[in-house]
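Asks: If you want this note's numbering, it's the 1-based position in the sequence shown plus 89.
By construction, these hints were calculated from the structure, which means they are not laboratory data.
This one's a predicted model, so the numbers in the text were calculated from it and none came from an experiment.
Built from N, CA and C at the ideal position, the CB exists for glycine as well.
One or more hints might be untrue.
What the hints assert, rightly or not - Calculated lysine-lysine pairs in the BS3-like style (CA-CA distance at most 27 Å, straight line):
1) K147 with K220
2) K220 with K149
3) K220 with K189
4) K187 with K147
Stated by the list, open to error - Between beta-carbon pairs, the in silico distance windows are:
5) Y214 with R184: 31 to 37 Å
6) G173 with G206: 14 to 20 Å
7) K147 with A126: 22 to 28 Å
8) Y215 with N133: 33 to 39 Å
9) K187 with Y214: 39 to 45 Å
10) G155 with Y215: 35 to 41 Å
11) T161 with S212: 36 to 42 Å
12) E216 with K187: 40 to 46 Å
13) Y215 with R134: 24 to 30 Å
14) E168 with S123: 19 to 25 Å
15) E168 with Y215: 16 to 22 Å
16) P213 with G167: 34 to 40 Å
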Amino acid sequence: MTTSITSLPFKKIAIISCFLFASSVVPLFAASLSFDAPSTVSSNRAPFSVTVFVDPEKEKVSGVAGDFSFPTLLFDVGEIRTQGSVISLWAAEPRISKEKYVDNHTHISFEGVILGGFSGVLSPYYEGGRKGALFTVTLIPKNSG
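Build out the structure end to end from the sequences listed, making use of the hints.
Replies: In structure tokens, the structure reads:
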């Protein structure tokens, strides 16, 4: 049996697309990241805090990584705090990225590990687990709004 040279690329593409389709059928679970921030800011450039949270959504989370960004024209960063975080070991503490992005946003990247896993903040006062804090950023508005 002979195979022509022109049919080889098609076979490779078909095998790769079958592999991609088969790997996309596997169910994936992921936690969600959210943040709490005020809806408006003071006109006198008063700093305010934004806390980034992880919600494991009834699964056990062993690590998180992400990028928190906002328009550079609107805010300056005062400080980044990790006290009270559910992260037990930071691979990369939250910090302002030194990379230059074309979106003109300030990016705060982070990566952390939760030893033993995190299934939510537990309390005798409510059932189940609730979202846990990752870090808090103090932002200083450049204008009111």
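Asks: Hint by hint, which ones does the structure fall short of?
Replies: 3, 4, 10, 13 and 15
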